[in-house]
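Chemist: Chain residues, written in single-letter form:
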Amino acid sequence: MALIKCENISIAYEGQTVVHDLSFQVGEDDYLCIVGENGSGKSTLVKSLLGLKAPAKGKIILGDGLSQNEIGYLPQQTDVQKDFPASVYEVVLSGRLNSRGLRPFYTAADKNNARENMDLLGIRELEKQCFRDLSGGQKQRVLLARALCATRKLLLLDEPVTGLDPIVTQEFYQLLRQINRDSEIAVVMVSHDIESTMEYASHILHLQETALFFGTAEEYRNSEIGKAFLGGEQRV
Amino acid sequence: MFDKMIEMFSYPFMVRAVLVGTMVSLCSALLGVSLVLKRYSMIGDGLSHVGFGALAIATAANAAPLAVAIPVVILAAVLLLRISGSSKIKGDAAIALISTSALAVGVMVISMTTGMNTDVYNYMFGSILAMSSSDVRLSVVLSAAVLILYILFYHKIFAITFDETFALATGVRANLYNTLIAVLTAVTIVLGMRMMGALLISSLIIFPALTSMRVCRTFKSVIINSAVISVICLFVGITVSYVWATPAGASVVIVNIAALLIYTVAGAVKNKTFL
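Those protein sequences? They're chains F and B, same order as listed.
The opening position of the first sequence corresponds to residue 1 in the working numbering, with each subsequent residue numbered one higher.
The opening position of the second sequence corresponds to residue 1 in the working numbering, with each subsequent residue numbered one higher.
Watch out, some of these pointers could steer you wrong.
[Said to hold, decoys possible] Derived list of chain F stretches under chain B, where covered just means 3 residues or more per stretch with a C-beta under 8 Å from a C-beta of chain B:
1. 46-60
2. 73-82
3. 97-108
[What the hints assert, rightly or not] Computed cross-link-like contacts, DSSO-like style, restricted to lysine-lysine with a CA-CA straight-line distance of at most 30 Å:
4. B/Lys38 - F/Lys111
5. B/Lys270 - F/Lys82
6. B/Lys220 - F/Lys139
7. F/Lys47 - B/Lys90
Since the hints were made in silico from the structure, they are not lab data.
Here a beta-carbon is modelled for each residue, glycine too, at the ideal position from N, C-alpha and C.
Between the sequences and the hints, there should be enough to build the whole structure, so can you do that?
Modeler: See below:
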């Protein structure tokens, strides 16, 4: 049973179909990268996977006990966050809200979980620092810790390395692989960075309104479409 | 000084003003942090103009002012959020649209009934004599409700303020809490506007939040600080207003400006020494 299974989904955005007849699945421990050009429907697909936008046609089936609000989402950073006064601890802890339901306050277990995740990502010593004062890489770690607080099964990352320098980017990818392997959490990542993507991903979904390719990374490397896309990227 | 204080509190209208002022400034400070951070600072201004229109109509119809104004302003707040959410009219334009419309309606109603007189002046700039004792009871009850709701939903309000998309994705009903913030803001503004004035009430929303953000670096400390700053500024402002016979609303705003300046300097000093 897959964590996420999309069956022939079509998604419309402001009256226009941006994704059509898309089928793919994400299994336990998979590391799926969604690649594609700008406007290929990646962001819209992310919204649908999060349950924020119902597909116009087809079904998205969540399996293996994954419920809709248990996807650990790492969004692109917003303008609001640039001058937001919040400590790292406050941000990470807010990832536990989905397990709270209507109960208003966090329990000791919530707080412990937040600290464990900060330890895991090596940001425990930043706990009391202000989120807006952190470097780009540190911010992403904080948001990743928050996402881990919200899930035990699946992380969904939207362009997580945008604006990070190459060294920090590599560190971030390695951290992600470590989480994927050691904590057995499946990873779905939308990415522009095709080269690094190929190094870490187990599966690739090449999106251009529909799935131009879906399969393992190895198969993608040897496919016509993969060769063209990878070759094209390298020339740039 | 102490004698002045005792003298001040010997007047029932001053006790009422301080009581209502404290509750309103507490509520507006808490809500203000979220509104400023969510780029909704002007919502307070817009809603107070709607409140002005509603009060004018209530006076003309001889109805209880708060009983008319509160539902109307709540409605306007929800409407503003809905309009801002749709892409046709942007948030700032929607606020300008609604606030000027309400102002125009209010001015028309007043000029047709009593004519432009001191009442209008009081609506615009506030009057310390505005609160009757039944208003005080209603204000205290409603403010207490605002405070309790805010504390109960504090963590959710933090989540939707910091990152609405993430909050939505993890099953927090962001629209519900946005509406809650708007409704609480509407109630707070109507309660405070007759004392502070329609043109000045939004300062209570904006100043304490901005002031505490100069220095504080966690959400909780910003919230607590702005609540404390807001109450202190209100108290000092009303005292100033009593001692020098200045308008209450304007006095409170001036004290808030002073606090903002002090905190800005303090923030600059702190950052230099600690960075």
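Chemist: Which of the stated hints cannot be reconciled with the structure, identified by number in ascending sequence?
Modeler: The structure conflicts with no hint, since it agrees with every one listed earlier.
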